[in-house]
Amino acid sequence: MNESYKIISSSILFWFSQKKWFVYSILVSIFLLNLNTPIGLSVPAYHSLIILVLVFMLVTFEPIPFPAIALLTLVLQVILEVAPPDKVASSFMNDAVLFVMGSLMFAIAIVHQGLDIRLARFIVFIFGKSKRMFLAGLMSISAILSSFLGEHTVIAIMLPIGLSVIKNIDTQKTDGKNAVLITLFSIAYGTIIGSIGTPSGGARNVIMINYLQEFSNVHIDYWKWMKHAYPILIIQLAVAYFVLQFTFPSSLKNIKMRGFKKKVENKSIKKDINHLFSCLIIIGIIASWFAFNDIYGLGIIALGGALVFMIFGMISWEEINKNTNWGVILLFAATISLGFQINETGASSWLVIKFNELLNSLPSNSINVSWSIMAILSGLTANFFTSSATVSLIGPMAIELHPTDISFALSSAIASGFSFLTVISSPTAMIIYSTGLVSTKIFFRVGILMFIISILILYLMSQFYWVTL
Amino acid sequence: MKILIAIGGKEFSKPTLDLGMKIANSFKSSTTIAYVGKKISQFSEKDVSVVHQNLDDRQLYRPGIRTLEWAYDFLISKNYIQETNTNKFDDYLLVDEENSRMKVLLKEQHSDNIDLIMRTGEIIEQLKDEVEVNKHDITIIGGGGNKGIHNKLIQFIDSDVFVVKNYSVNKKYKILLPVNNSKGSDKAIDTAINFAKSYKLKVEIVAVYEDKKSHQKTEKLLSKTKGKFLKNKISATTKILDGSTVNAIVNHAKDDSIVILGVSPKNPIMKYFFGSKPISIAQKCNCPVLITK
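Just so you know, the protein sequences line up as chains D and F, in that order.
Counting in our numbering, the first sequence runs from 1190 upward without gaps.
Counting in our numbering, the second sequence runs from 9 upward without gaps.
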């Protein structure tokens, strides 16, 4: 056989084996485009839903880079006449996108300051009396910080602390392995749970606030979100502590707290002024989110935080540029733009009508059933698709279900934060997985219990607590 | 000659590393020991990278380094490299190279011939890239894990692929060389001669005939191949097997065989969707299999 033919066909095959999900996604889209437009749906609305399916498949299987998915989403919106170019461009940038951009930059600036040793000293000082208290402290501090600064910032600061604690544990023995897992999961669960607490805890929260404002003219400020979400966070933390103790029983004998304390105390911290200034900036930004988010928006304030760090030379632009995930920012901007078109074209209303028709066919139908399906669907989709992208695409439907009742929108956003099942669902899960100490199976085994309990807590709180607010 | 040894979990990689280093030593080849870390979702890749930099700054091992440290210790314990006071693994430097490749540099280089590298991403893509960029001649991989990965590696990697399955240091191995009239088979014969010379291994040349008409042709092929070995002063026996090619070879191969065979001349598209005889043999044999290209 001709050698050049072999080389070319082998290259094409390799491309196909790596990009097969891109080919499948395109084929599915072409197939859907060739079907008749469903009754009750306009052509642009139908096309927006086809793009939604395409984006779901591409983001889930990642056959092409995220920036390419983002650009494809924008191009297709115009080519398939979902919206004119100007409208696509204007929906591409809003406060939620600025928040994603600002919070990623802000996170890099904070992590760059090396605050972990100082934080470790603080945790040891407050919770260092016993090993179990120390783990509870790791979890609580992770949750509190994550609720304000976001998961990716906190896991980057807390993981080195966790790994220092478990550095010399022999994982060949069950007790040692469980000690390692309970330490890592305490940080991971604290960070994941914390991210539901405030709007700045995760981009999905800001995206939902934006959608509520745009589609239902309902405004939720920083404090109002906290009043709804923080009690859930506290209950979840307590539950998670016991779930971990039950799942990974360990005497914790392997954890050498004395060594860790000594190491932390002996470590010299040279950047005193930098650390003090960093803390002041962080406190200033959180306070601004509370006080001025109505005026300036969460995104602009987050960008302001990164700006201050840069102006005072505490981080260089090169460092921020190198470590900022521009692909994710572009992708969120594109999916939010698509979310807007899904709502504008009436596709979300059509989906909700179909959803209600489906519910009516069930033997028992009530608002509770539709809430449960929506919350579970949001939670599950987020676990296989990542949370912020889920909210940007499912959010319009959740709001459309009950436009005047914020409990649906809030529940959808909060349930999307229950990324306990898969390692791809959140940066925290992926970072913990990337240590090589936690397998996908273990993550799922513990996570399924936490996921079910979390949905139950959310349901009970929305039924009995939110109505009192 | 350049050899790439891909390692994964510590215990599972012992035979791969051991056999790989034996081959590297006997051919005096330069060797790259590669660990391919888990693929990171694009959502989190920058976050993971920041965390890993943080771990480096705090002298905490980033994932994968422990496996390379284990590999380094294993090489020392087996005297493949000599440890001195200055080339200890504790004092390593991780150099970020292009395309998710990181090289471990020790304070004093242990040997010009051995590189320890770490890559992150999809295993086939990473090993293919490593072979293409650094022009490795043989890629040595473990026999455990996903069979689909072996299939793809054999198909897409541009080097000979050695699948180390059920290897034991204590066994006295012999080469089992299935031959036919293909170009791939000629390459396999050359490789088998080199291996047999270097290791002083016995060789058994086999050919499969499926009908009586081809019997004479097969005998001729076997004696011609045997002649090549005798010319190189290597003793070899021959045998004709019958039945389907894959089953006959798989059934004939023993635990102490190292099967060396050429790549299939089949159309790559057909190979991808329907497999090939060498790929099936590599999957079914319970002994090390080297597929030459």
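If you are wondering where the hints come from, they were derived from the structure by calculation, not from laboratory data.
Note that beta-carbon positions come from the ideal geometry of N, C-alpha and C, so glycine has one too.
Check before you lean on any hint, since a few could be wrong.
[What the hints assert, rightly or not] Listed below are the simulated DSS-like cross-link pairs for lysine-lysine, each with C-alpha atoms no more than 25 Å apart in a straight line:
| id | chain 1 | residue 1 | chain 2 | residue 2 |
| --- | --- | --- | --- | --- |
| 1 | D | K1356 | F | K205 |
| 2 | F | K47 | D | K1208 |
| 3 | F | K111 | D | K1209 |
| 4 | F | K241 | F | K292 |
| 5 | F | K86 | F | K232 |
| 6 | D | K1356 | F | K143 |
| 7 | F | K47 | D | K1209 |
[To be verified] Chain F residues, not near chain D, derived (Cβ > 12 Å throughout):
| id | residue |
| --- | --- |
| 8 | K22 |
| 9 | Q90 |
| 10 | K111 |
| 11 | K143 |
| 12 | I242 |
### Query
Does F/Q90 really sit off the interface, with its C-beta more than 12 Å from all C-beta atoms of chain D?
With a cut-off of 12 Å, F/Q90 remains clear of chain D, as the shortest Cβ separation is near 27 Å.
### Message
According to the definition I'm using, a residue is off the interface if its beta carbon is farther than 12 Å from all beta carbons of the partner; does F/K22 meet that for chain D?
### Response
holds, 15 Å
#### Entry: Outside-interface status for F/K143 - nearest CB in chain D farther than 12 Å
holds, 16 Å
### Task
Sort out whether F/K292 lies within 25 Å of F/K241, counting only the CA atoms.
Violated: F/K241 and F/K292 sit about 32 Å apart, past 25 Å.
### Message
If I take the minimum Cβ distance from F/K111 to any residue of chain D, is it greater than 12 Å?
### Response
Fine: 19 Å to the nearest Cβ keeps F/K111 off the interface.
### Query
Taking only the CA atoms, is the gap from D/K1356 to F/K205 under or equal to 25 Å?
Between D/K1356 and F/K205 the Cα gap is close to 47 Å, so the pair fails against 25 Å, i.e. violated.
### Interface exclusion of F/I242 relative to chain D, criterion Cβ beyond 12 Å
F/I242 clear of chain D: closest Cβ-Cβ about 30 Å, beyond 12 Å.
### Query
Would the pair F/K86 and F/K232 pass a check requiring their Cα atoms to be no farther apart than 25 Å?
violated, 40 Å
### Message
Between the alpha carbons of F/K111 and D/K1209, is the straight-line distance 25 Å or under?
### Response
Status violated; Cα separation ~31 Å.
#### Entry: Agreement of D/K1356 and F/K143 with the hint, judged by alpha carbon distance not exceeding 25 Å
Roughly 37 Å separates the two Cα atoms, so the pair is violated.
### Straight-line alpha-carbon gap F/K47 to D/K1209, limit 25 Å
holds, 17 Å
### Query
Between F/K47 and D/K1208, is the straight-line Cα distance small enough, at 25 Å or below?
Holds. F/K47 to D/K1208 sits at ~15 Å (cutoff 25 Å).
When each numbered hint is compared with the structure, violations occur for hints 1, 3, 4, 5 and 6.
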